[in-house]
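Peer 1: From first to last, the protein sequence lines stand for chains V and W.
Under my numbering, read the first sequence as residues 1 to 376, first letter to last.
Under my numbering, read the second sequence as residues 1 to 441, first letter to last.
Since the hints were made in silico from the structure, they are not lab data.
Treat each hint with caution, since some may be false.
Covered stretches of chain W, going by a simulated chain V footprint (3 or more residues, C-beta under 8 angstroms) [stated by the list, open to error]: (1) 37-44; (2) 254-268; (3) 337-350; (4) 358-371.
Predicted model only: the values in this text are computed from it and were never measured.
Think of the CB as a built atom: it goes at the ideal place given N, C-alpha and C, for glycine as much as any other residue.
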Amino acid sequence: MMSHRGLLINQKFTAEGGKIETQDPRTPEMGAAWAVSVSPHIRKGFTTSQIMWTVIATLMPLLLMSIYNFGFRALLLTLVSVVSCLVVEAISQKLLGRPLSFRDGSAVLTGVLMAFVIPPGVPYWLPAIGAVAAIFINKELMGGLGFNVWNPALVGRALMMASFPVAMTAGWLPSRPFSEAAVPLTQYVYGGLDAVSQATPLNWMKQFGLQSMIEKFGGLDKVYLDFFVGYMPGCIGETSALLILIGGLVLLGMRIITWHIPVSNVVTVAALTWVFGGDTWFSGDPLIGVLSGGVMLGAFYMATDYVTSPTLKRGQIIFGIGVGALTVLIRLKGGYPEGVCYAILLMNCLTPALDEWFKPARFAPPKQAPVAAAGK
Amino acid sequence: MAGVSFVKGGVHPEEHKELTQHLPIEEMPPPKEVVLPLSMHFGAPAKPIVGKKQEVREGDPIAVVEKALGATIHSSVTGTVKAIEPRPHPIMVRCDAIIIERDPAAPPRQYESEDWRSLTREQLLGRVRDSGIVGLGGAGFPTHVKLSPPPAAKVDTLILNGAECEPYLTTDHRIMLEQPAKVIEGAKIILKTLGIKKCIIGVELNKPDAINALNKVLEKARRDDMSVSVQGMRVKYPQGSEKQLIFALTGRSVPGGGLPFDVAVIVQNISTTLAIFEAATMQKPLYEKVMTVSGRGVRRQANLKVKVGTVLSDVVDYLGGTTDDLVKIVTGGPMMGFAMSSLEVPVVKTTSGILFLGSKETDLSPHGPCIHCGWCIEACPMGLSPKEVGIYVEAGRGHLTEKFGVMECFECGCCAFVCPAKRPLVQFARLAKMDIKRRGA
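Please put together the full structure from these sequences, using the hints given.
Peer 2: Encoded structure:
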């Protein structure tokens, strides 16, 4: 007889909640020499952590752009945000007796995205506060990855906005071309910020109207181009529609996201801005509506979060339209100049309902089968 | 050639058929001893009609099922009954089996061929029943029962399943390529027992040589007989699943809980058709099995014709042993097959392959929480919500998953195949079904 000994691997699945022992019953009796588990025995390559790290990778050009735009402050704030998210996650998991999961990249992704939706001029300690809300309250207390109702990064932002409104609404910095290179990069890190504070396009529009904003930012053509490339004051990672589009297309190409949420979201913002965004009906500027603020980052990176958005395509389109409509409603009628964050958080509440309303079409559900019944 | 396919869900696993698809079917010498489990297929276990130390001939019936759904079991070698005792079983863990020690001097049994056309429908059905033929695609439903549909069914179409959509497996491919005339004759025998005139052989387009071989035989006979045709199918797993196959070839949907009868169709596997041919023309019982032995964990890959009851360790020895890289042994295909923990399990009638998977061919990583990506829903050919079933089962609420259609799940494994969290979704579905049945009973 030849030797048939293989590697000793025993896969043991113990489901946490229902105490279901799912290990194969054959193993103890026969003395397994090989891995034994229920089919299928082959898997597709993509793992949860690969998805997370891929999304993070597509965000890196935006981080470089923000460093160029707003100085090393942007990088430091992002690092603070990422590290706080990791630390808060590790502490919460220790407290709750869960295995540490920092390797899966989800806390890092939350950290990056949370930094990307805050102004570059806020104090360095602020993201740490946001991380507690995003990770501990919103994610780990709800049951960990997969069980949160709201987008973690946006919960972090919402808490920072509610608790530190002055820092969150005044911490804007001029983007590099507007600072005329007069302010050295180091000053952004250490220097006083009040001196360089500047209103964002959405702030300006809220106070003085569309025409005044276009004049302030150098005329319509320059506005379109600068806003598209990302030369405008705004949140750390929200300014460059161009880089967000490139990242989003990479994710679409890799089939990590689908077009349903981003397209329905952006089209709704454009359409409603065009109809209601001007002094009279049908005189708004849809392009400025889409390029300013957080619409693009929200549509491609926030609203597409698997956990907090609907699973079915039809539900996703309703979700995207809802986010777009609420964004424009808050922008035009609400107290804030920007509405993407709250629009997505509000639609997140509807996700379980949308999943309940839109179920997959079954291949052929049971019906009374007369022939088979007659044969029995 | 444009192919048809089912529409909903499905996946495209790496095929790995290149390991064996070019290898002719090779007959493995009979082993010293065979282990023939009394439960080899769907239905009641058979009762032994031989005793210890009794001599049996190759092809003799040794266990039968009376007055119940089941099939006769035949000795696959000439020799002496050594014992009737529990032995490892590829699916049922352990099961009573008849162990027969082969007489090395005995010559292989010869069968004479006769023309089946002179036989009546009842005689043909009788031969199929006496030969112990069951569906060789997987479930092992007794074929003589399947070939006697209730009159109300009004069956109009026979489908031969040549999809062989499971990765690695190439047995049906080789049979269609090497013995196309027998397969087509087998189809005509089935048509006669059913009293119908239409047969479609569905073959996936990754087997163009098999399609050509079948078409060549058909063209010769075309002048007087138009009943059998070949239809190419676009490669997609699980094309060979009964409901998906029927939909691809006829556009008819078998309702949940229903049978192919309900849409006037009967499906037979290619290997089963060959067995029917041999039973009808030679009265040769089903005790040999063509199967693919593949994977990077075995020294030599092959399409082997073996005696039913040959234990896996004999097959491994014949093929030169396993490699150091072997991590998992699977009987059947990698999507729906069963992992083995012992090489002492025998080949049964429904064993279509044995896979020795190396560390790069299988995935043993632990599973994580569901992130609701929805890929399982897109992959499910039945339009179910596997992720919900998994979450319910983990929460101890498997009995509430009937609303997601879990009873229609046939465990093709597409959901777990695409799951980025590597969740054991087929296992969850099985647990949910068990829970529902337990509470319903």
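Peer 1: Now, for every hint given, state plainly whether the structure supports it.
Peer 2: Hint by hint, here is what the structure shows:
1. 37-44: Violated: only 0 residues of the segment 37-44 of chain W have a Cβ under 8 angstroms from chain V.
2. 254-268: holds (count 8)
3. 337-350: n = 7 at 8 angstroms, threshold three: holds.
4. 358-371: Answer holds; 12 residues pass the 8 angstroms Cβ test.
Violated hint: 1 only; the structure is consistent with all others.
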